[in-house]
Amino acid sequence: MARVSLLWVERPGLEGLEPAAVARAAGVELNSGGPVEAAVVTCPAEEAPEPLRQRLAGKPVQWLELAAEVGGGDGAHRLARAAAAVARAAGRAELATLPPVYAPQPAQKVLVAGRGLAALAAAHEAALAGHPVLLAGEEPTRPGADDDPAEVERLAAGLPAGVELASGCTLLRLAGAAGDFRAELSRRGKESFGAVVLAPGGETVSCEAELALDWSWVRPLPELLASPPAGEQDRWLQVALLAGVSRPTTAGAFRRAVEAARRLQQGDFVQVTLFFREARVASEGGERAYRAARQAGVLAVRVPEEGLVVRDGGRRLRWHDPLLDEDLELAPDVLTTAWEARAARPEFLDDPVQWPAWEHLLPDNPRFSGGRTAVSGLYILGPLRGTPPGADRRAEAAAAAGDLHRLLSGGEVAPMPSVRHTYCARCLTCVRTCPHHALGHRVDRIQPAPAACQGCGVCAAECPAEAIAPPGWSNPELRAGLQRGLALAPDPKLVVFTCAGSGRGALDALARQAHTWPAGVLFYPVPCAGRVGLALVLKALELGARGVLVAGCHHGNCRSVNGNLRAQLRVDQAARLLESLGLRPEAVRFLPLAANQPRRLARAVEEMAQEVAP
Amino acid sequence: MIRLNQCDPAFKYEVAATPGGEGITTCFACAACSARCLVGELKPEYDPRRIIRLTLLGRREEVLSSPLIWLCSTCYSCAEVCPQQVRFTDVLTAIKNLAARAGYAPPSTRATARLLARQGRLLEVGEFENQKRSDLGLPQVEGAPEDFQRILGITPQAEPEEEA
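Chains as they are written, first to last, in my numbering: chain R, 247 to 860; chain X, 1200 to 1363.
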């Protein structure tokens, strides 16, 4: 085991703490310029002075935001908390001596499969970021179903030199993750790619294909717009426009429907009633268009869950208006529907062994916007995702290209997880649980894709054999940190695991307010709440903690898709175990948190500290 | 059951064309006005959003004949909270003007109009009041009903004397 030195970098919040006293209490030596084997540094890596970073390059280092974990309070209190925090970090530094993993270079080429604005814009952006691009599809330069042809033509005419155009070539199969995608293309065979962008152009279909409408009677919207109908003064023409009744339509289709409704309403003695389940105004100009339509006199009807009762193929429509609590009926003279560009899902994505289910691939989660999917390095754009045409689609392609460049250039890539093959039972738990799809298996071994790991550590929490660990976050390291930190923390001890996405930010905010924590609290920052797992919760209790709090992100807000749910599941499991042993199940808790909810964290910790007080 | 085919699509345009009613069509039914309305708190049947909705649907008779439209205290709380600048208080003034024109003004409103037309003010100033004023050295007050008759003549409150 390496001997750990404390390197003191003075920071706001550390005033009044004596570095020598902290080092002595934590049982490590204070470094004053001599050689270093392993180190704990009292500031985050990105804020360390450059000479210090160079001096420590290649050594096991624990960067510790000490000020956040110490908090306010009197001198003795702060010294005790500082010692416990440094000891925790030292415990990890001691063991963080795993040999570095030499990852193969991630493949740099980008495959853009599809056509139209989304595909062309993505190819443009990726090429400008310096990646060779293969733009493949039946006719990649043909506009998508609802694209502006002039804009697509302009983009197609000015393709950068780095883009290779492969017409008449389709993507048949795909496997892998960022840095190591294996694709099979018709007329080209198998090729390797660093990132893959799926952007099919889609087909225009009615949004209401599921409704029992008499399609011979329904008038196509473009035809109506070409020759707008009119009514008479004593007999107004009733037009019903269905824009996402059976299910909400896309924002782009809604905007077009709303604009069409406004134009039809301007006809003489025409009353347009616009039916929808959700007013999808989240597209460029969407809200403006919706307001303009209402101002023109379009009647907006939000159809409630029970939906619209369609009689005689649509000649009579009946619904319940919750505002008036009355049944309403309309016998339209003209019935039309909104049309949307919809792309069929590539068949290879329906392989449950190879790919996550669709709702898991595209979770309803703000972290997966801008084309991103749960699979690192795979992007889904345009009609396949329901992105409105025009500026929204261009922005999405640019965001995807930026993200893939960040992954492939190694700028912020977490080092590859190391797998101890002698421990590994090939149970594939890690492959199934990795939220980023970073782990694959080749013949008889687990193999991470070179640029896909996001360092969340869910694999390490779930592996039943302790065979896998993202560097710095292995179970032995975390255990050693817990052991040394808890040995110094005064009773009653409480362990608070804080996720980097939420708890960590809340902790920093409280540190800036010099918040005073109860003496026995040991904070343990983890990359994702999902890293904690069952074993670590129980270990903390075994080492003398009276309570364990895991602070993770709110539902639908986890960077690792479901790391927060997984953490909650494991905490619940630990609580059941405690209960079956006759112990207090409330000793372990999960706290859904956001980085801007510091008071919530403070309250939860104080509440727990009070409960475990003797 | 409300049949839209029997409603009057022109009604909302008519309200919008009456001074004050311009904002009616922008409503997107969020109910901020209803939540804020102090009258609605005391009399739940009075619901600004419901009145707007019925107007947009074209329920002309139902809206104009409703006694509820006369309950507004013109406190402008609804206009303050409206995210779409409907200005419901002004919209309701427009609706009330249409209602009065259609002969739906309630007796109290008509009585008020009659008072104005007759004496030029709501509070009657007689000999007793003028005697007191002269004791205090104040000028005499005389009604100027002609002005009000002229004003009332060009408002929907027209012909107040008819029923008198």
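Please keep in mind that the hints were generated in silico from the structure rather than gathered at the bench.
Computed from a predicted structure; not experimentally measured.
Some hints could be false.
Covered stretches of chain R (in silico footprint by chain X; criterion: 3 or more residues with CB under 8 Å from a CB of chain X, positions within the stretch not fixed) [said to hold, decoys possible]:
# : stretch
1 : 537 to 551
2 : 619 to 633
Here are the computed distance ranges between Cβ atoms for each label pair [said to hold, decoys possible]:
# : chain 1 : residue 1 : chain 2 : residue 2 : range
3 : X       : Glu1279   : R       : Trp461    : 21 to 27 Å
4 : R       : Arg758    : X       : Pro1266   : 58 to 64 Å
5 : R       : Phe594    : X       : Tyr1212   : 52 to 58 Å
6 : X       : Tyr1212   : R       : Ala403    : 45 to 51 Å
7 : R       : Glu572    : X       : Leu1321   : 37 to 43 Å
8 : X       : Ala1234   : R       : Glu575    : 28 to 34 Å
If you only want the chain R side, here are some residues facing chain X, beta carbon under 7 Å, derived [stated by the list, open to error]:
#  : residue
9  : Trp482
10 : Gln517
11 : Leu569
Glycine included, C-beta positions come from ideal geometry on N, C-alpha and C.
Contradicted hints - numbers only: Failing hints, ascending: 2, 3.
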